[in-house]
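Peer 1: Build out the structure end to end from the sequences listed, making use of the hints.
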Amino acid sequence: MRPYLAFGGRAVAFAVLYVLLDGLSFVHDFHGMAITPWNPNSGLAVAFLLHFGPRHWPIVGGAALIADLSIRDMPLELSVLGELAFSVLYGAASLILLRRGGERLALAHPRDMALFLFVVAAASLLVAASRAGLAVLLIPVDSAWVGGMVIRQWIGDMIGIALVTPLALLLLSRPRGGIRFTPTLAGQLAAMAAAAAIVFGWEATDEFKFFYLLFIPLVWGALTGGLPTALVLVLVAQLGMILATSMRAMNDDKVVALQFAMLTAVLTGSFLGATADARRRAELDARERLGDLARLGRIYSTNEIAAGLAHEIKQPMLAIVNYVGAAVRLLEQSPPNVAEALRLMRNTDTQVARADGIIRRMRDFVQKGENRIRCLDIAEIVQEAMDLMLPLTRRHGIAVEFRKEGALPPVVVDDIQILQVVVNLLSNSITAIAEAGGPAGTISVAARLAGRSSVEVAVSDSGPGLPEDVADSLFQPFMTTRPEGVGIGLSISKAIVEAHDGRLWYDRAASGAGATFRFTLPADDGDDEV
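Numbering of the sequence shown is given in this note's numbering, commencing with residue 55 and proceeding in unit increments.
Bear in mind the hints are in silico, worked out from the structure with no lab data behind them. Source: prediction; values computed, not measured. A portion of the hints provided could be inaccurate.
Claimed, not checked - Restraint-style ranges between C-beta atoms, simulated for each label pair:
#: 1; residue 1: Asp561; residue 2: Asp339; range: 30 to 38 Å
#: 2; residue 1: Phe172; residue 2: Ala67; range: 24 to 32 Å
#: 3; residue 1: Leu74; residue 2: Phe264; range: 29 to 37 Å
#: 4; residue 1: Arg165; residue 2: Gly460; range: 51 to 59 Å
Claimed, not checked - Derived SDA-like pairs (lysine to any residue); straight-line CA-CA distance at most 20 Å:
#: 5; residue 1: Lys458; residue 2: Arg572
#: 6; residue 1: Lys308; residue 2: Val200
#: 7; residue 1: Lys458; residue 2: Cys429
#: 8; residue 1: Lys458; residue 2: Asp431
The beta carbon of each residue, even a glycine, is placed where N, CA and C say it ideally should be.
Peer 2: Right, dumping it as structure tokens:
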């Protein structure tokens, strides 16, 4: 019983909304033939069929017939046959789109948008031709009107479908249609409203010669907010068109010219918005792939410092064993020395915390996690990297110093990714010094302000340096000077820094006896959301 109630409720809600939209947009009909410049009800019908399935075409036909009989004064047979053709043709178009585009057509992609517009353009042309043909057969129609009837009906349906269908599908598939009201969106809406007032509201622009003004906020919104924002802005322009056609006396040629102009705006916004959404998704996918590659690099770095880490953990574990053994012996004495045994047991807490801290740092470093761009102190990231590499530097007797030149602003970064960059650079320096042998080496890390909007970090070592031929290809993937190396550390680090709008390079001028790498990161300007 419940499915039938849901079906009935869906049908009633659609019919009410369809009739409402048809009534609101019924202005400036063509020679009394009930053909209007904009048909948002057609867009609602196609969205209904795409979302709930083409099998619902009888509901669409019934709602269209109710709207025809209650709003238009047309012969019954023309209404019945015309709305039958309307529902069947758009039902067939929906079936084609769903079979070609999948169960849920993703219009936020230029390819899917092109397929959608091509199919509905063909279907709406057939609808317009069938209605014009039925009118010629069933009622007296001036033959000179037939071409105008087809064009007006076709463009009116195309405008309504190209705008309302994607917007309705977004509202049905995402909360609020994926639209977030922000100050930027408010500015774009205000700009579109002002442009529409200039184009449609002033008598001085009666020929709509300033129509191009509508494209300024439209392009702005499509590139920044994607398809949802573009459609909302076009909707504002469409409302201006409806007001203009309802309040002004326009001849048919002017209405058709206005229809073509609005159709151009709808198509421009649709393709620009879909392209912006596709680019944004591609950037997110690339960032995700970079994150996966970076995680592999972190795992490789973890393997390199595993020996030192084992030694580092071994010390607290041996201390724990010694404390527990001593405490047991104290308790086995006669009489047992409980107070001293408890003191020794409490000392194990410190050693357990020490081992836990080492393991936790390694776990946080290796695990994938989510991108978390925040404002952070670069000194904290560098210090964490130095702590992480402490087992290796102790093992090889390398001294590491960090120098912070003056007060530095926070940097806008993902801390785990930038931590990986510093670890990679420190790891390379440690390896270079260790393989060179000789006296104990040193690594120097310095952070300073670079210009007004960047912080620069430099990692220098006292190793043998790099040959000129190697320096030219350092950042190429799989380029390595070590037999056991995989050659992805520097290339990953460079990709991470560039993804943060920074730069990583090898400083030849500063590299005397050793090697110096520098990278920059954007500083917080106080306006970033974190």
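Peer 1: Decide, hint by hint, whether the structure agrees.
Peer 2: Structure-based check of each hint:
Between Asp561 and Asp339 the CB atoms are about 33 Å apart, so this pair conforms to the stated range of 30 to 38 Å. Between Phe172 and Ala67 the beta carbon distance is about 30 Å. The supplied range of 24 to 32 Å therefore holds. Checked against the given bound of 29 to 37 Å, the beta carbons of Leu74 and Phe264, roughly 32 Å apart, stay inside it. The beta-carbon spacing between Arg165 and Gly460, approximately 52 Å, falls within the hinted interval of 51 to 59 Å.
Proposed proximity of Lys458 and Arg572 is supported: the alpha carbons are some 14 Å apart, at most 20 Å. Restraint check: the Cα-Cα separation between Lys308 and Val200 comes to about 18 Å, which is no more than 20 Å; the hinted pair holds. Distance restraint check for Lys458 and Cys429: the Cα-Cα separation of roughly 18 Å lies within the 20 Å cut-off, and the hinted pair is therefore satisfied. Note on Lys458 and Asp431: the hinted pairing holds, with a Cα-Cα distance of about 11 Å set against a maximum of 20 Å.
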